[in-house]
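Quick note, the working numbering runs 9 ahead of the 1-based positions in the sequence shown.
Since the hints were made in silico from the structure, they are not lab data. Ideal Cβ positions, reconstructed from N, Cα and C, are used throughout, including at glycine. Worth double-checking, as some hints may not be accurate.
With a Cα cut of at most 25 Å, we get these calculated DMTMM-like pairs of lysine to aspartate or glutamate [what the hints assert, rightly or not]:
(1) 186 x 210
(2) 131 x 109
(3) 136 x 157
(4) 186 x 41
(5) 192 x 155
(6) 120 x 93
Listed next, with one range per pair, are the computed distances between beta-carbon atoms [claimed, not checked]:
(7) 46 x 170: 38 to 48 Å
(8) 157 x 99: 30 to 40 Å
(9) 99 x 74: 14 to 24 Å
(10) 135 x 195: 18 to 28 Å
(11) 206 x 157: 14 to 24 Å
(12) 40 x 120: 32 to 42 Å
(13) 199 x 93: 36 to 46 Å
(14) 67 x 120: 34 to 44 Å
(15) 195 x 70: 17 to 27 Å
(16) 186 x 95: 10 to 20 Å
(17) 43 x 74: 32 to 42 Å
(18) 46 x 66: 35 to 45 Å
(19) 186 x 50: 18 to 28 Å
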Amino acid sequence: MASPIDIPSSDTSFLSKSPILSYGKLSVVKSEESTGVPLQTPWTLWLDKTVRGCSASEYESGLQKIYTFSTIQGFWAVYNNVPDVKDIQTRCSYHLMRDERRPVWEESYNKSGGAWRFRCSKQDTSKVWRELVLAAIGEQFSESLDPDDEVCGLTVSVKEKFDIVQLWNINAQLEQKATVIYKVFRLLPDVDFAEPLYKREFS
10 MASPIDIPSS DTSFLSKSPI LSYGKLSVVK SEESTGVPLQ TPWTLWLDKT VRGCSASEYE
70 SGLQKIYTFS TIQGFWAVYN NVPDVKDIQT RCSYHLMRDE RRPVWEESYN KSGGAWRFRC
130 SKQDTSKVWR ELVLAAIGEQ FSESLDPDDE VCGLTVSVKE KFDIVQLWNI NAQLEQKATV
190 IYKVFRLLPD VDFAEPLYKR EFS
């Protein structure tokens with residue numbers, strides 16, 4: 010089992026030093042990526058640790074980019090070489106973002122969107138994260154969205170008593186046309202989600 014990750018917010022060399030993707034693991038990922046089946050778009054995995062009372066700029070400086078992959082084999086190589094959600098510390102989050110978007114709502118490409126938020130028990134978080142990530146990179150949510158909308162990212166945030174999973178979309182104005190919550194329920198029929206809701210990031 011991987012050790013919990015401690016993220017020093019000012020450590021810009023975190024990627025090469027951490028157990029997330031060492032140089033040896035990076036070579037494995039790159040090898041798998043080079044011969045893989047292409048995804049519709051690349052996706053980037055990020056990591057952060059929330060510090061109470063930090064400013065927006067401090068949050069952004071603490072974001073750690075792990076890897077951008079563009080094939081299904083590249084995804085599995087990354088997924089299998091980073092710690093499972095259950096092994097990261099409380100107040101840490103993984104973000105999987107389309108292309109190389111940063112998980113920052115103030116960015117121009119994010120500020121018109123919002124997110125569906127699902128609270129789940131810790132025993133279900135790893136399964137929920139895996140299944141929703143696979144659905145996202147496989148573009149399975151397109152059938153549950155307006156043609157002018159798309160899922161642009163996912164976040165899993167580790168809390169003390171439960172965890173939060175979010176699905177980001179690009180157009181909050183089209184949320185009422187979406188059936189994303191029902192899609193998630195169909196993908197994970199055995200998971201009891203508490204209080205699913207949608208939040209527009211900028212009203």
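Hints and how they fare:
no.: 1; hint: 186 x 210; in the structure: holds (18 Å)
no.: 2; hint: 131 x 109; in the structure: violated (28 Å)
no.: 3; hint: 136 x 157; in the structure: violated (29 Å)
no.: 4; hint: 186 x 41; in the structure: violated (38 Å)
no.: 5; hint: 192 x 155; in the structure: holds (14 Å)
no.: 6; hint: 120 x 93; in the structure: violated (29 Å)
no.: 7; hint: 46 x 170: 38 to 48 Å; in the structure: holds (39 Å)
no.: 8; hint: 157 x 99: 30 to 40 Å; in the structure: holds (38 Å)
no.: 9; hint: 99 x 74: 14 to 24 Å; in the structure: holds (22 Å)
no.: 10; hint: 135 x 195: 18 to 28 Å; in the structure: holds (19 Å)
no.: 11; hint: 206 x 157: 14 to 24 Å; in the structure: holds (22 Å)
no.: 12; hint: 40 x 120: 32 to 42 Å; in the structure: holds (37 Å)
no.: 13; hint: 199 x 93: 36 to 46 Å; in the structure: violated (19 Å)
no.: 14; hint: 67 x 120: 34 to 44 Å; in the structure: violated (20 Å)
no.: 15; hint: 195 x 70: 17 to 27 Å; in the structure: violated (39 Å)
no.: 16; hint: 186 x 95: 10 to 20 Å; in the structure: violated (35 Å)
no.: 17; hint: 43 x 74: 32 to 42 Å; in the structure: violated (20 Å)
no.: 18; hint: 46 x 66: 35 to 45 Å; in the structure: holds (39 Å)
no.: 19; hint: 186 x 50: 18 to 28 Å; in the structure: holds (22 Å)
Checked against the numbered hints listed earlier, the structure breaks hints 2, 3, 4, 6, 13, 14, 15, 16 and 17; every other hint is satisfied.
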